[in-house]
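**Student:** Sequence:
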Amino acid sequence: MHKALLAASALEAFFLLMLLGYGPLYLHQAFHAMDVVASLASAGPALATFVGSTLWGHRLHHVGIGRVARLGLLGYVATGAVALMAPDPVVYIVGVTVTTLFSAALAPAALTFLTQAGGEMGRRLADRLKWQSSGWMVGGAIGGYVQALATHAFPALLLALGLTMLVPFFAMRGQVDQAPGGPTEKAMDEPSLLGLTILLVLPFFLAYAGNEGFFTNFGLYLRGLHVSTSWVGWSAAISTGLGWVLATSIGRWADRFGGKSLLIRVLAGYALIYLTMSLSSSEVVVIVAFSLPLYPLLNIGIQRAVAESLPGDRHGGAMGIINGAAGLATFGGSVIMGAVDNFFGPRNMPWTAIACVATGLILASILYRSRKPVRPMGTPREPSKPI
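Using my numbering, you'd call the opening residue of the sequence shown number 1 and step up by one each time.
Note that these hints are calculated values from the structure, not bench results. All the pointers check out, no bait thrown in.
Pairwise CB distance ranges (calculated): (1) Asp88 / Ala268: 42 to 50 Å; (2) Ala153 / Val285: 26 to 34 Å; (3) His152 / Ala355: 34 to 42 Å; (4) Ile198 / His62: 15 to 23 Å; (5) Arg369 / Pro87: 50 to 58 Å.
The beta carbon of each residue, even a glycine, is placed where N, CA and C say it ideally should be.
All chains, full assembly: derive it from the sequences and hints.
**Tutor:** Okay, here's the thing in structure tokens:
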């Protein structure tokens, strides 16, 4: 199941890069949808990811990791089919939003599988990052060419990717299902654990809203600057390629310093990047800044921060909240960035991202530095830098 989940994570990264990165541009080019409407091609699935990930993450303990993961894989097949058959923007947006309610089950299942054993979870998350980065690199390169050559090739590629998900689906069939395990932290009740999780995820949520809101509308941003939109995929490929190279180091950093400390540093880096983009008049500087590989640190940082603070049998719900928060943040960020672009122009989009990231950084500096990590019972103690 381990290798099948890693392979599925690579395919998922490829699929989501296409769906969220190129969906708005596809609706704009194929159906001449307004920018605000086109942004719903990312915002709808993002909102569904919030609902679906949170729901399936909390059901992992009862249903089993394998069953939930297979449901997520079938959800991607359905999303690809809907994208190909949609005759107008409304059907496309509604269809991919509904199917994403089920495909959102895959991420919390994979993350729980990798974090519930405790120990050097940062390194295991880094292994998943490498597989994801491979999917992002291939998707970025192919996506750039698809958009440059033929708009209508986009939904066909989504369906092809969806059908490829059947390979790990059948690879996981017949394997023993696994429910999240680990001792329960008796000192904290369920509401306290939920409140702690939400507090830990809040800075990530704010930063993710700014970052993903900008990313999902990056094609519209470049179009407003009269730059080839093929750079959406190519810059993503560059960024993920660098992230792949750094993945092992990121895993070691997360295990050594702790997820909270890593997350504070990456939020500061994002604020600096968007400030550079806002002040620069050079399109080259904008693309280079956007291509810097901070996204992997953001994801491993929050996953490690939450996992090191909760008992193993709560990782399923926690990882569902993380993935759900990412979806909700993408939804809100996409709509806000689309509206900013539509009414105030593309030059104001990086400034909006700065506001979101800076708020998350301030909260992280307050919450993370005033709260010591809660070591889950039953997991080995790991060296960490005081936060």
